[in-house]
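A.B. asks: This is what each chain is made of:
Protein chains: 2
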Amino acid sequence: MAVKLPRKDMFDLPEGVIYLDGNSLGPLPSGATERTAEVIRDEWGGQLIKAWNTADWMALPKKVGDRIAGLIGAPEGSVATGDTLSIKVYQALAAALKMNPERRVILSDNGNFPSDLYMAQGLIGTIDKGYELRTPAPEDVAEAITEDVAVVMLTQVDYRSGRMHDMVEITRKAHAVGAVMIWDLAHSAGAVPLDLTGSNAEFAVGCSYKYLNGGPGAPAFIYVRPDLATTVQPALAGWLGHEAPFAMDPEYRPAMSTERMRVGTPPIVQLSLLDHALNVWDGVDMTDLRAASVALSECFIKEVEARCPQLTLASPRDAKERGSQVSFAFEHGYAAMQACIDRGVIGDFRAPNIMRFGFTPLYLDEADVIRAAEIIEEVIGKELWRDPKYQTVSKVT
Amino acid sequence: MAVKLPRKDMFDLPEGVIYLDGNSLGPLPSGATERTAEVIRDEWGGQLIKAWNTADWMALPKKVGDRIAGLIGAPEGSVATGDTLSIKVYQALAAALKMNPERRVILSDNGNFPSDLYMAQGLIGTIDKGYELRTPAPEDVAEAITEDVAVVMLTQVDYRSGRMHDMVEITRKAHAVGAVMIWDLAHSAGAVPLDLTGSNAEFAVGCSYKYLNGGPGAPAFIYVRPDLATTVQPALAGWLGHEAPFAMDPEYRPAMSTERMRVGTPPIVQLSLLDHALNVWDGVDMTDLRAASVALSECFIKEVEARCPQLTLASPRDAKERGSQVSFAFEHGYAAMQACIDRGVIGDFRAPNIMRFGFTPLYLDEADVIRAAEIIEEVIGKELWRDPKYQTVSKVT
Numbered sequence: 001m002a003v004k005l006p007r008k009d010m011f012d013l014p015e016g017v018i019y020l021d022g023n024s025l026g027p028l029p030s031g032a033t034e035r036t037a038e039v040i041r042d043e044w045g046g047q048l049i050k051a052w053n054t055a056d057w058m059a060l061p062k063k064v065g066d067r068i069a070g071l072i073g074a075p076e077g078s079v080a081t082g083d084t085l086s087i088k089v090y091q092a093l094a095a096a097l098k099m100n101p102e103r104r105v106i107l108s109d110n111g112n113f114p115s116d117l118y119m120a121q122g123l124i125g126t127i128d129k130g131y132e133l134r135t136p137a138p139e140d141v142a143e144a145i146t147e148d149v150a151v152v153m154l155t156q157v158d159y160r161s162g163r164m165h166d167m168v169e170i171t172r173k174a175h176a177v178g179a180v181m182i183w184d185l186a187h188s189a190g191a192v193p194l195d196l197t198g199s200n201a202e203f204a205v206g207c208s209y210k211y212l213n214g215g216p217g218a219p220a221f222i223y224v225r226p227d228l229a230t231t232v233q234p235a236l237a238g239w240l241g242h243e244a245p246f247a248m249d250p251e252y253r254p255a256m257s258t259e260r261m262r263v264g265t266p267p268i269v270q271l272s273l274l275d276h277a278l279n280v281w282d283g284v285d286m287t288d289l290r291a292a293s294v295a296l297s298e299c300f301i302k303e304v305e306a307r308c309p310q311l312t313l314a315s316p317r318d319a320k321e322r323g324s325q326v327s328f329a330f331e332h333g334y335a336a337m338q339a340c341i342d343r344g345v346i347g348d349f350r351a352p353n354i355m356r357f358g359f360t361p362l363y364l365d366e367a368d369v370i371r372a373a374e375i376i377e378e379v380i381g382k383e384l385w386r387d388p389k390y391q392t393v394s395k396v397t
Numbered sequence: 001m002a003v004k005l006p007r008k009d010m011f012d013l014p015e016g017v018i019y020l021d022g023n024s025l026g027p028l029p030s031g032a033t034e035r036t037a038e039v040i041r042d043e044w045g046g047q048l049i050k051a052w053n054t055a056d057w058m059a060l061p062k063k064v065g066d067r068i069a070g071l072i073g074a075p076e077g078s079v080a081t082g083d084t085l086s087i088k089v090y091q092a093l094a095a096a097l098k099m100n101p102e103r104r105v106i107l108s109d110n111g112n113f114p115s116d117l118y119m120a121q122g123l124i125g126t127i128d129k130g131y132e133l134r135t136p137a138p139e140d141v142a143e144a145i146t147e148d149v150a151v152v153m154l155t156q157v158d159y160r161s162g163r164m165h166d167m168v169e170i171t172r173k174a175h176a177v178g179a180v181m182i183w184d185l186a187h188s189a190g191a192v193p194l195d196l197t198g199s200n201a202e203f204a205v206g207c208s209y210k211y212l213n214g215g216p217g218a219p220a221f222i223y224v225r226p227d228l229a230t231t232v233q234p235a236l237a238g239w240l241g242h243e244a245p246f247a248m249d250p251e252y253r254p255a256m257s258t259e260r261m262r263v264g265t266p267p268i269v270q271l272s273l274l275d276h277a278l279n280v281w282d283g284v285d286m287t288d289l290r291a292a293s294v295a296l297s298e299c300f301i302k303e304v305e306a307r308c309p310q311l312t313l314a315s316p317r318d319a320k321e322r323g324s325q326v327s328f329a330f331e332h333g334y335a336a337m338q339a340c341i342d343r344g345v346i347g348d349f350r351a352p353n354i355m356r357f358g359f360t361p362l363y364l365d366e367a368d369v370i371r372a373a374e375i376i377e378e379v380i381g382k383e384l385w386r387d388p389k390y391q392t393v394s395k396v397t
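Chains as they are written, first to last, in my numbering: chain A, 1 to 397; chain B, 1 to 397.
Careful, some of the hints might be misleading.
Covered stretches of chain A, as calculated for chain B (at least 3 residues, CB under 8 Å) [claimed, not checked]: (1) 112 to 123; (2) 146 to 153; (3) 172 to 181; (4) 265 to 275; (5) 313 to 327; (6) 332 to 341; (7) 356 to 366.
These aren't lab readings, by the way, just hints derived from the structure by calculation.
Note that CB positions come from ideal geometry on N, CA and C, so glycine has one too.
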C-alpha cells in the first residue's frame, strides 16, 4: 500500500523554512548524519580495507543503481552509479556515437543544461572528426530530428522553465530516423513518473542530489537499455567496469552488464548517504507523487499570479507540460529571491531573470505553498528586494 | 618546526591492529566522523542550498587542491580535485595527445595499474585514429622512449613491488624526444617526497584514499604544469571547469587556470572529509617522513627475511628504488595474508602471489613492524595459512 504524502518526519528541515529548492539540492533525510557516522566510524574506521567485503562496499554501486532503477521505470541491473552527471553524459554520448558511426550530428536543444552541451563540445573536440552539435529551441527539436542525426540528447525537464519534453514521442521520432536517444533525467528522477523501458530510449543519465536527496555532490547514474548492455563501447574504460577488476588483467574486457559503465573506485561515503536517502521512497507511489506535485504547483501559480502581477509565469501553464517546478520571470529576480530566502522561502535564481521554485510533495504541503506565496507577495508588493543587501551577487543562488 | 612522527593520536585505529595497508585505504583520521557530521547536519541540513556560499563549498575543491599541491611539490593553483583517478588519467592523456597531434604512440609500462592502461585503451577507441599503447616492462621503459612517442604515462611507484621510477630522469628523456610526460602518483602522494615543479612534467594525477587518508572513494587530483594551465584542452568539458559556470553560457569557455580540469558538481561530503584528513599533514616534513618510512621498511625486510625463508622479497632491495611499501612473493600468499589479517596484521594480496605491506610513519613505529614480523613468522612457520577458512577468495583483499 502506498504511503501518504507528505512524509515531513523523514526530513530534517530547519525550523521556519519553506524549501522550494529541492530541484537544486534536496534537503537532509532524517538519520543521514547518523548513518554516515556509522559508515565512517564503524565501517571505514573499524573494518578498514576489509570493509570492501565485510560492509559490502563492493556491492553498493549496484545496490543503489537498482534502487534508482525502481524509481525511473527501469529493470534491475540496468543502472550503474558513480561519478558526476557530466561524466555520465559523456559516457552515454561517446557510446551512442559509436552505435551510429556514419553520422556526424549530435542534436540537443538550447534549453539543455549547459554542462551537457559542454560535454558534447569536449567530446567533439577529443574525437576531432567533424562532429556538429545542433541546438535548436526546445519547441523546434522534434522537427530537427532529421536523417543525418546520430544522437538526440535532451534533458527531459528544462532546468529554467520546467517545460517537459515528451519522452515517448521524441524517442519514437529519433528511432524513426535511425538516431540513438539519450535522456538526461536530472530534473525528472524523483520528480515525475518515468517509464524508461516504455520509452525505448537507449540511454538515460541523471543526478541524485536533487529530487533524490542524496546530498551535495551525490553520485550520478546511467541507464543502458538492457539489450545493449553487453555491446556498448565504454569510452571511460575504468577498472571497476572491467569484467574481473581484481584479475589485474592488462587488457580491458568490459563487464557483461551495465556495470561496464562504472569507472573508478566508488565514493563509498556519498553512495552510502544516497542509499540511506533512498529509504524515503519506500512505499511512495509515483502517480500519487505526481498528483500531489501538480496540485502544489497549480496552487502556487494561482496564488502568486493573484498576489503578484509584477511576475510573469515562465513555465508552461498546462501542468501536463511541466515537471515539478514553477518559474516566474521578474526583472529584479535575483534581488527578490534573496529577499525571499531571507524570509524563509528558499527558491533559486537562474540568469537572466528566472525565479525558480521546486515542488516536492515528500516534504511540502498546501499550507507551505500558500505561506510561500504570502511571503513572495510581501517581497514583491512592498519592493523589499530594493534593499541594497540583496543586490550583491554571490557565487551560487 | 616539523612535528615528531608517528602521530598515532591523530588516527582512530582499532585496538590490536597493525595496519600495513594504508597504501590501499588509509585509516580513519581522528575527528573525521564528527567533522563529516557537521557538514551533513549543519551545512547541508541547516543551510541547504545556501551552503554553497555560506559554508564555502564552492571554494572547497581548490582549497583541497592547494593543500595537496603542498605535499607534492607543486605551486598553489596547479592542482584540481574531484572525480576518480581513472577520470583524471583520461583527462591528462586526452590533453597530452592534443599537445602532440602528429604522433600516435602512448608509452606506459606493464607494471602500471591496470585502470590507467584501460583508460588509455578506452580513449584510443574513442578517438579511433590508430593510436597505439605500448607497455614494455618497467625496466625497459627508459629505452622505449623514442621519437614516435606522443605521451609517456607512468605510475611512479609500482602498486605490486613498490619499485620506483626516477621522475626527473624519465621526464628528461621524454622531453628530449618531444613527448609529453604524465605521472600517476597514486602510491607516491603522501608516501615519498615529491618535487613536481622540479620534475618539469606536464601532468600528474593521483588519488587521496591511500597515503592521504581521505576515506573510501575520496576524490582524485590532477596537476597541470602552470605554463600550460590556460592552454590545455579539456576533453571532459564540464560546467565547473567553465570560466563562469553560473553564466549558463551555451558555449564552453574553459577557466583560465587549472580549474578547467574540474568537471561536474564536486562531492562535497567526501571533499570535506579529505580536507579534514589533510590536517594530519600540518607540520610534517616530507624528508623526515621518508627517513622514517625507509627505516620501517628496512627493519621489516630484515626481520621477515630472518624469520621467514619461505618468502622472497619482491621489492627492490635498495631503499632508494622503493616507494613506501614492501612486497614478498609467496605461493600461498592469498591464504597467508588472510591468516595474518585474522591475527591483526593487515596487509593485502595482489595476484598472482604478492603479499603487500605498506609503511606509513604517520601511525606506525618500529615496535609495530617487529610485532608484525613476529605474527607473519607464526603464520608462515606454523603453516597457519593451511586452515581451510583462509582459502576462500573474497572479492577484495
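A.B. asks: Hints first: check each against the structure and report whether it holds.
C.D. replies: Hint-by-hint comparison with the structure:
1. A stretch counts as covered by a chain when three or more of its residues have a beta carbon under 8 Å from one of that chain; for the segment 112 to 123 of chain A and chain B the count is 9, and the coverage holds.
2. Using a Cβ-Cβ cut-off of 8 Å, 0 residues of the segment 146 to 153 of chain A lie near chain B, which falls short of the minimum of three, so the contact claim is violated.
3. Note: the segment 172 to 181 of chain A has 0 residues with beta-carbon separation from chain B under 8 Å; the three-residue rule is not met and the coverage is violated.
4. With 8 residues bearing a CB less than 8 Å from a CB of chain B, the segment 265 to 275 of chain A meets the requirement of three and the coverage assertion stands.
5. Restraint check on the segment 313 to 327 of chain A versus chain B: 0 residues with Cβ-Cβ distances below 8 Å, three needed, restraint violated.
6. Coverage of the segment 332 to 341 of chain A by chain B is violated. Counting CB-CB distances below 8 Å, 1 residues qualify, and the rule asks for three or more.
7. With a threshold of 8 Å between beta carbons, the proposed coverage of the segment 356 to 366 of chain A by chain B is violated, since 0 of its residues qualify and at least three are required.
Against the hints set out earlier in the document, violations occur for numbers 2, 3, 5, 6 and 7.
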